[in-house]
Amino acid sequence: MTVKAYRRKLDIKNGRVDLSHGSGGRAMTQLIADIFHQALDNEWLRRGNDQSAFDVAGGRMVMTTDAYVVTPIFFPGGDIGSLAVHGTINDVAMAGAQPLFLAAGFIIEEGFALADLKRIADSMGEAARAAGVSIITGDTKVVERGKADGVFVTTTGVGVVPDGLDLSSDKARPGDRVILSGSIGDHGVAVMSKRQNLTFETAIVSDSAPLHRLVAAMVEAGGPALRVMRDPTRGGLAATLNELAHQSNIGFRISEETIPVKPEVAAACDLLGLDPLYVANEGKLVAIVAPEAAEIVLAAMRAHPLGRDAAIIGEVVADEHNFVQMTTGFGGGRIVDWLSGEQLPRIC
Amino acid sequence: MKLAEEYRDGHLAGALAARIAHEVNPAVRYHFMEFCGGHTHAISRYGIEDLLPANVRMIHGPGCPVCVLPVGRIDAAIRLAERPEVTLCIYGDLMRVPGSHGNSLLKAKAAGADIRMVYSTLDALRIAAAEPERQIVFFAIGFETTTPPTALAVKLAAAKKLANFTIFCNHVLTPSAMQSILESPDELGRVRLDGFVGPAHVSTVIGSRPYAFVADEYKKPIVIAGFEPLDVMQAILMLVRQVNEGRHEVENQYTRAVKSEGNEKAKADMAEIFELRESFEWRGLGHVPYSGLRLKEAYAAFDAERRFAMEDIPAEDNPACECGAILRGVKRPADCKLFGTVCTPETPMGSCMVSAEGACAAHWTYGRFRDRARAAS
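Going line by line, the protein sequences match chains A and B. Per numbering that gives the first Met the number 0, the first sequence starts with residue 0, numbered consecutively. Per numbering that gives the first Met the number 0, the second sequence starts with residue 0, numbered consecutively.
Pulled out of the complex, with its shape left as it was, chain B reads as follows:
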C-alpha cells in the first residue's frame, strides 16, 4: 500500500519537524488537543512527541468511543447478553471494556453468554437472517464515523422486515463533546487550549462546517487532519501558524477526504433513523447535553432498549481515577496514582486505559519510557 507509506515517510517528517521548530515562538507554550483516538494512536505509535519542540504539548482528547462508554452501558449490555434468547453482536474492541465488579463482555462470553464479534453491521444482519429463532442485538457504538453503517443496517432490517434484529444504540456526537470540553467548569481545573487537531473520519461524514463554533464562539483554531502521522505533523504546523498570526479558523488539512459539506447521503441516512437524546453520559466527561443519539419513534421496533425494557444501571467510576482531568489536559497519565499500578491495559480501571486509543493506554503502551527521562531531568 504505497499510498499509506507516503504519509509515514521519515524524511518528510524530519523536514516538517524542522519547520515547526523554526516557526514556533520560543516564548509561547502551545497546548493543542487532538480530539480523536485515531490521532492519539498515530502520535503514540509513531513517536510524534519526540519530533515536536518542548513548548508544543499535545493533549489527548476523549475521541475514543469505547473509552468514553460509561460503565452502566456495559453492565446493561452484559445483562442483555445473559438473556438466553439474545445473541449480542459487537465490535472487537468492546470485548475488554470493564463493567462493574471486574466484569466485561469477554467474561460474560466465557460464562456462556452468546456474544459474537463482527466486523460490520451487515455481519449482524446476516446472522439475524440466518438464525430467525434468536434475538440478534447489535451493540451500536461510535462517533459519526460508525453511525451511518448502523443507520443502513436499521433501514435494511426494516426493508427486509427482520423481526429479530435490534440495536443497542450508543452513538455519540463529536461537536457536543468538544463544546463540553471548552465549557468545562473551572473547579475541574483548566488548561489553556490553543487549538484542536480536528477529527479525520468523523469529518468525512459531517464535513468541516459543524466545527465553526469552535473558531467563531470560542476563538480557537481547528485543523481537520488525516490519521497518518504526516497529516498530524502538518496539522500541528498549521495550528502553530494560526496561533502565531492570531487567527482562529477552521482549516482542512485532510482535503483528500473531507469536504466542507461532508457526505450528504450518510448525513441523510442518520437524520432519517436517529434523533438526539437530551443528555448522554460519557465516561470522564459526565452527562453531556445533546451528545448522544437514539432511534426515532418510527424505528422503535429496532430499539433494543425498548424491546427488552433495558434500564439504566447506575455505576460509579473508581473515585481515585483521574480520567476526567486527563481528558481535559489538566493532568498527565503519570499524575494519576492508579496509572500503572492497579490500572493497566490488562485491568483498566478508568476510561483512558481501555483501548489503545485512550490517553493512558497509549502512554502506557507506547510512551511510558518518557516518564523515566522526565523524572531524571
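The shape of chain A in the complex, shown without the other chains:
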C-alpha cells in the first residue's frame, strides 16, 4: 500500500523564504508551483522544462536583458515585478520591435516574506498579460540573509523587428527632430518619495508602462524615418540625449519650455534640489525622427494613450563637442550635461 506524503501548504500569509526554497528539493518545487506558475501561468511554463521551445519567424530578432534592484520594492504606481516586465519590453521595443517572450530570474534573500513574493509574481503576471507577452521560463535562487536586499529580479526579452526597420543609436543626423512621448521625472520622484528617511507625501505615481504598442503605432506612421528610439530610464532625459550625442557624433538643441513636467513633479524636485531632466522614467521614450516625418509620427503618438502629451522638444545639430544645448524657459542658454555620479540633494 502506498501512502501519498502529506504536503503542508505554503503559508503565504505569514511564511518566509528560507534556504530550503532554493535547494532544489520539494520546497523549491512547491514555491515555484504555488507562486510563480500560478501567477505567470501559460502553456510553455506548464510543461515544466528548464527551457521553453517556440517557433521563430523569419527576419530579424532582438534580445535584451536587464536587472532590477529598485528600493523600495513596492512604490506608487508599480513594484519591482511590473517594472521588470515593462522595462524589458521597452528595451525590446526601442529597436522598433514587438516583444514575443520574456524570461525571469529571481534572487531572493533568506527571510523574504512569501506574501511579498506572491504580490510581486502576481504583479508580473498581470503586467505580462496586459502587455500580451508571456514569461515562458525562469529561475529562482535563494541567498543567505544579508547577501541580497529582499529580492532582485532579472528579465530577458526577445522580439521581432518589422521588415525595413533598422533603428540604432548612431543614426541621428543634423536636422532630425527630437520627440519626447510625455512628462518626465514621474518614476524617479515616485520612488524617491517612498525611500527610507524621506518622509514627504506626494500624489505622484510611477509612469511604469509597456511602450511596445505606442512603438507599433509610431512604426506604422514613420517607418524608416524613425532613426533612434531610447527610453530615458536611469539618468533621465539628460543622460539619454548625451549618450545619443556621443554615439551619433552630433549635438542637440532643445527647448526647456517644450519639455512636459507635471507641476507636482517639478515641486517635489524643487524641494529635493533635483533637476527633472536627470530623474528616471519607466514609461517614456525619446525618438529621433527624420524632419519630414516628425509631424506624422507626433500625431500617431498623440493618438495613443501613452503618447498623449508627446512633444517635439528640439532637433539634432552638427556639433563636434556633442553638446546638448538648451534654451531655458527663462530665455537663457545652458548645457544639459551628463550627471557626475548620482544626483544628490543639495543642502541649501
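Simulated from the structure, these hints should not be mistaken for laboratory data. If you're wondering where the values come from, they're calculated on a predicted model, not measured in any experiment. Among the clues, some could well be false.
[Unchecked claim] For lysine-lysine, the following BS3-like pairs were computed, each having C-alpha atoms within a straight-line distance of at most 30 Å:
1) B:106 x A:146
2) B:108 x A:146
3) B:108 x A:140
Given chain A's structure and the hints, the job is docking chain B onto it.
Then chain B, alone, in the frame of chain A:
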C-alpha cells in the same frame, strides 16, 4: 507649485533684461559678485548671463559650503568614520567632496565605513536614539542657513540626554567671508567689485543688518535677493541703479522672506550653542579670522572634535588650482589649466568644481559652450 513658476517667467525675464540693457551706462563696466552658491546655480541653470548686457559681469563668490570646506576637514571626517564604533551622518552633497589622495566619504563608505546620508539633523537624532550602542556623529556644515537646525539638534540631544550623539562642527559665517574678499591683498590680484547680490536663505536668518559694513565701510552696494531667477535679475537691476546713482546701500529685493532683524529665535538658538573660532580655514580663501563656529564649553559633551580627540590634518590644495583667483573674480574658470582637463565634476581637484554651486562646476556643467563662442569671437 505656481508660486515658484511665477519667479521663472520668461516674458518677465525679457522685460527685466530690456530694462537693465536700457539703464546700464555703455561706458561703464559693472562687476557684481553673487556670494551664494544658490545664486550661482540659478544664474547658470537658467542662463541668466545670456540676458545681461556685455558690460555686466557676474563673479561667482565662495558661498557654497561644501566647496569651501578644506581638504583637511574631509580627511578628518574620513578618519573619524573609519572608527568601528562611529556612524557618520552627512548631507548628500558632502559625499563626493575630495579629500587627500583621491579619497572621499563616498569611497570610505564603499570601503566599509558606516556613513549615512540624512536629510535633516533630526534624522541623525533619530538614529542616535534608535542605536544607543553606536556613536552617532552629525557632520554639521553650512552657512547661517543650516546652523539653526544643528543648534536645535544639540539642544534636543541635551534635553534627551543622548550620550551617543555629537556633531563635527564646520559651520561658517557669511559676513566674515565677504569681508575677507573685500580685504583680499593686492598680490592675489584684484578685480574691481561694484556690488554684491546678497544671500537669500542666510539673510532670512541673520537679516539685512549684518551687511551694513559692506555699504558703510567698503562703499559697495548690496542687494539681498531670493534664489529664483527673476529675483536675481531684479537684484542686478537694483545694483545697476545704485552704481549709476552713486549710492551704496543695503537694499532688500527678497522682502517676501527677509526682515532687517532676521529670525530672532534662530539667532538666539545659535548664540546659545555656538561661539566664534578665532580662525577657520576656507578652501580658496585660506584662514579667515572669526569666520567659523564651534560648540560652547557648556555643550562640549556634544563636540565630536573633543570626544574623539580629532586633530587638524594639514593638507594642501593642488598648487596649479586657481580657485582662489576664481573666487575673487580675478580669473575665469577657463583660465585655469586644470579646468576640464584633470579637474572635472567627476574628479574635482579644487573647491570650485566640487558642487554644482561652485563657480567652476556651474560653468562646466551649464555654461562651457560659451567658451567656444568666446574663443571664436
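Hint check:
1. B:106 x A:146: holds (21 Å)
2. B:108 x A:146: holds (18 Å)
3. B:108 x A:140: holds (28 Å)
The structure is consistent with each of the numbered hints, conforming to all of them.
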